[in-house]
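Number of protein chains: 4
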Amino acid sequence: MTIDFQAVLERIAAEMTPLAGRSGTVASYIPALARVPAAHFGLALRTREGLEASAGDANVPFSIQSISKLFTLTLAMRRMGDDLWERIGREPSGNPFNSLVQLEYEQGKPRNPFINAGAIAIADRLLGHGETKAELLQLMSDLCDEPIEFDAEVAASEASTGYRNFALANFMKSFGKLDNDVDDVLDFYFHQCAIRMSCLQLARAAGFLCRDGAHPQDGRGEVTSERHARRINALMLTCGTYDAAGDVAFSIGLPCKSGVGGGIVAVVPDQLTLCVWSPALDASGNSYLGMLALERFAASTGLSIF
Amino acid sequence: MTIDFQAVLERIAAEMTPLAGRSGTVASYIPALARVPAAHFGLALRTREGLEASAGDANVPFSIQSISKLFTLTLAMRRMGDDLWERIGREPSGNPFNSLVQLEYEQGKPRNPFINAGAIAIADRLLGHGETKAELLQLMSDLCDEPIEFDAEVAASEASTGYRNFALANFMKSFGKLDNDVDDVLDFYFHQCAIRMSCLQLARAAGFLCRDGAHPQDGRGEVTSERHARRINALMLTCGTYDAAGDVAFSIGLPCKSGVGGGIVAVVPDQLTLCVWSPALDASGNSYLGMLALERFAASTGLSIF
Amino acid sequence: MTIDFQAVLERIAAEMTPLAGRSGTVASYIPALARVPAAHFGLALRTREGLEASAGDANVPFSIQSISKLFTLTLAMRRMGDDLWERIGREPSGNPFNSLVQLEYEQGKPRNPFINAGAIAIADRLLGHGETKAELLQLMSDLCDEPIEFDAEVAASEASTGYRNFALANFMKSFGKLDNDVDDVLDFYFHQCAIRMSCLQLARAAGFLCRDGAHPQDGRGEVTSERHARRINALMLTCGTYDAAGDVAFSIGLPCKSGVGGGIVAVVPDQLTLCVWSPALDASGNSYLGMLALERFAASTGLSIF
Amino acid sequence: MTIDFQAVLERIAAEMTPLAGRSGTVASYIPALARVPAAHFGLALRTREGLEASAGDANVPFSIQSISKLFTLTLAMRRMGDDLWERIGREPSGNPFNSLVQLEYEQGKPRNPFINAGAIAIADRLLGHGETKAELLQLMSDLCDEPIEFDAEVAASEASTGYRNFALANFMKSFGKLDNDVDDVLDFYFHQCAIRMSCLQLARAAGFLCRDGAHPQDGRGEVTSERHARRINALMLTCGTYDAAGDVAFSIGLPCKSGVGGGIVAVVPDQLTLCVWSPALDASGNSYLGMLALERFAASTGLSIF
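For the protein sequence lines, the chains are P, E, L and U, in the order given.
All letters in the first sequence, in the order written, are residues 1 to 306 by our numbering.
All letters in the second sequence, in the order written, are residues 1001 to 1306 by our numbering.
All letters in the third sequence, in the order written, are residues 2001 to 2306 by our numbering.
All letters in the fourth sequence, in the order written, are residues 3001 to 3306 by our numbering.
Check the hints yourself; a few may be wrong.
Unchecked claim - Pairs of lysine-lysine, DSSO-like flavour, derived with a Cα cap of 30 Å:
| id | chain 1 | residue 1 | chain 2 | residue 2 |
| --- | --- | --- | --- | --- |
| 1 | E | Lys1133 | E | Lys1109 |
| 2 | U | Lys3109 | L | Lys2109 |
| 3 | P | Lys133 | P | Lys109 |
| 4 | E | Lys1109 | P | Lys109 |
| 5 | L | Lys2109 | L | Lys2133 |
| 6 | U | Lys3133 | E | Lys1109 |
| 7 | U | Lys3109 | U | Lys3133 |
| 8 | E | Lys1109 | L | Lys2133 |
| 9 | P | Lys109 | L | Lys2109 |
| 10 | P | Lys109 | U | Lys3109 |
Note that these hints are calculated values from the structure, not bench results.
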């Protein structure tokens, strides 16, 4: 069966665009995010073979926020292999309110790399291995073959209002679970969240996840091993969408990683990567229309890992 | 690619059998489980097309325990459709100690159908729809085309020592979340856990999960819809192995449902169902060798949903 | 300084009676409590020397409910001395939602004798030492020198709707922290809660707490030792009024034990015991007017342990 | 009955001194505390009338740490009256691990003024009312009629290692429950903990708590109202000794406030204030010998609020 992906995406965009901004709420904790118009909708995909399709605002850059955790995790797994898991778990985190609770019970070891505490721990590990913000940008640019930048205003706003992240980082530090200075770790973390990319760029950049770890740009070797790529997909499925992971697996059936900027990256293993974007969020903090679009995509293509 | 499954299973059984009983601990909370010899190992699979393969103690019946939750969930989804989810969540449960904690925060609504509280809630719903223990046995017998029985001694022991399950059921009742009498609900629940089946019988019985919901025995219609079958697989992946679900997704990459009797049912969607059994359990309550065997199976066949 | 207690109580009754039933809610979880008219108010006291004063509905019997925990604790301390504290803590319980949470963390050991779990544990210990319901009634009758009875309807209602208490008892049993049969323990517990007494009877019965443990009726020896009497007062202050203990110490400054029947017993060490009753409860489950009356009493007499 | 307090204190010191440093552990989280010799023991008291008694190392200054919370609370109640309680509760905090848990459930409102979060919240309120570190020192000096100083090394060490306090303050800030800059609030808090005083100075400074709020130095008016003084005593009893408050009420029966420097201030309302010091701490973080000495004091004098 061959699917006309361009037609599928256009049909979804046609359905979603009139709804854009009608439901959900744009993240408002920092001004630079709050002023993004809610009425955006875009999506793009790239197949294992390199075919691309897109519709709507697929080329409009947005703040990737927690989607960045996918790439820092990839870097950290590459750098440290299984040693990474001494400081970070691989289990879903249960209830939202558990963030600090669980960190307390588990003595400063975050449950998984996709909750904030886990991503902060990964930033600490990357700094400890000499990784820099510049190198992260370099990786992102290389993956999508276009220059990628931080949004300096977003990074600065995150830093000046990120009290909960300061609380998390200091809490882990109090358990001896951060090696680097709290301010340095959070500077890295706030910058990774402030990367700006479009749907098409993210669909490309995540491409290694549907091609056994191979670089999305042919001839550039592998980003990570096949084994690691499949394991990252597994973590996305069980932990990638905040407290809605069980529901997303149930309703969509694809590994996904979302961000409060309204983007969601999804993977159909061995076939394609997909990115959808619409800024208004549902109660779980995932893009409201993004989730709806992914359900339509899964239903109309029959693509599901289950 | 065709895989010689019989050869694969034999190789795994040859590796595992010498290790059987060497690590882990047999469940000992009731005498009938405690006296099962630790040194058993068996596994069996059945493909979508009906081919079967098995090795080791694949025909020795054991107490299926929580694997039964797979079948009561299937029945309840068939009976109630999406109404089922008013009383039961679909999210992983986080830490083990959370069982009662979460039930308290969530006012008696269990996080998912595979934790004890969730399965008790499902038993309540089934009773409320007129389902009986006899009908459950009838379903199991029909699925594997052989008579299936309860182990009366196990059911009686569960009832006489199941204080924590009595606590859970009374707690849900105190929140108005059980319709039926606590004793009736637990009688059903203790019996479902006391069903005796072999690896081969379970691989057959779960067959509908790899064939779009169709009955494992051709010509007998569908057990559930394709949509429901895929969703049950999703729930197995995110919630099927107690607090190790994230790790199992990461290391094995297949939907699994385990029981403290030492059995684990796994599904390769669209391809096959597999059951492995070895009584000694790891710290998470999953079969120690069973998990190891599933890792080998996934690694040697390359079968993974990711 | 001599205080005209009769005048004080009459003044308080005159202020409170018009307010009776205006604020708060009568406990409604069982019909026999729900149908008690909200508009009752009574109070009575008895000094160390045996002088009595009373006003309002001081002779109307009501369901003493958790006030009974004071007397079963006294019995258990007498029977077991410090061994009692192996199974029961002496610390305030923090938040209401913690009941089961704390029991889980602390492996079935209740935080203190005045939360339900603690009182159930004490009932278990008393049964284990051969104490009976009849002997408890005998003690209560002896303390106030009048026959005291259970309210059979209340006891039966508690038993038929007490799912949360069944949950607590089964949960402790699952940790091996109850020696006796759950049903027997709860039968004792539900009966102690169903004792009917008036304010005057309770002020008399608790008299040993203001007279170094000596029996309220002169010439009958001691109910408990001086050391135990002072320690029971300490437990009342830190744990006697559910989750409002800190506030009660702050605002009233006297050891108190309340019940959902609307009664509150208070102690002025070395001087007097006091009982106030009004059925409508505040959000913490303490008598709304009872608390107000105790604040007036403390303010107008200057009696406070601080 | 008149008690020869000097003889009582000498007897206790004679019993305790040989035990000093034998049990418990000196706080070691900062070097300046860790190097205090464990073998110190001192105690001092001052009666309502101004009589003083002391024994052992009663004049050796030590780091008062959390005992400072008593004085900042007094200041804040004086400044704000009941408005203070909008941001801070008055209930015991339950388990140790609850610090952040409870703060999360209660949306950044600390349970009471004596846990770290509560004292940080009070420091924030004091800053908001224009209070300064210099004024706090001025108050302390005035109360004991001698110049009192901060230990600059301790304050600096607290600041450089106080990750958990940074976590708490940032967490409250994330809930909008701190008005001032986190660094400013913690600078005040770390300094108040670094005040150095001796037993005798603390017994004097706390004197207003046993004399209806009147200044310990006659003729200087009142430190706080009688009502506030009694309420502070109540808070000390229910919340003043970390997670041992129930036990301290039970065993000692006096309002106490302890610090990790090994000091404990106790109050006998209307009669005297007492301070004991010995650096080695028990598992709850209270001075091991200090608690023992207070038990002896209460037992030998019969002084108890119960």
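Here is how each hint holds up against the structure:
A C-alpha spacing of about 24 Å is found between Lys1133 (chain E) and Lys1109 (chain E), which places the hinted pair at or below 30 Å, so the restraint holds. With a CA separation close to 28 Å, the supplied pair Lys3109 (chain U) and Lys2109 (chain L) stays within the 30 Å bound. Among the hinted pairs, Lys133 (chain P) with Lys109 (chain P) is consistent with the structure: their alpha-carbon atoms are about 24 Å apart, no more than 30 Å. Taken as a hint, the Lys1109 (chain E) and Lys109 (chain P) pair is honoured in the structure, with Cα atoms around 28 Å apart against an allowance of 30 Å.
This hinted pair checks out: Lys2109 (chain L) and Lys2133 (chain L) have alpha carbons roughly 24 Å apart, not beyond 30 Å. Taken as a hint, the Lys3133 (chain U) and Lys1109 (chain E) pair is broken in the structure, with Cα atoms around 51 Å apart against an allowance of 30 Å. As the CA atoms of Lys3109 (chain U) and Lys3133 (chain U) are separated by approximately 24 Å, the hinted pair is consistent with the 30 Å bound. For the given pair, Lys1109 (chain E) sits about 36 Å from Lys2133 (chain L) by alpha-carbon distance, which is inconsistent with the 30 Å threshold.
Distance hint between Lys109 (chain P) and Lys2109 (chain L) is fulfilled; the C-alpha atoms sit about 28 Å from each other, no more than 30 Å. Taking the CA atoms of Lys109 (chain P) and Lys3109 (chain U), the gap is about 25 Å. The hint holds against a cut of 30 Å.
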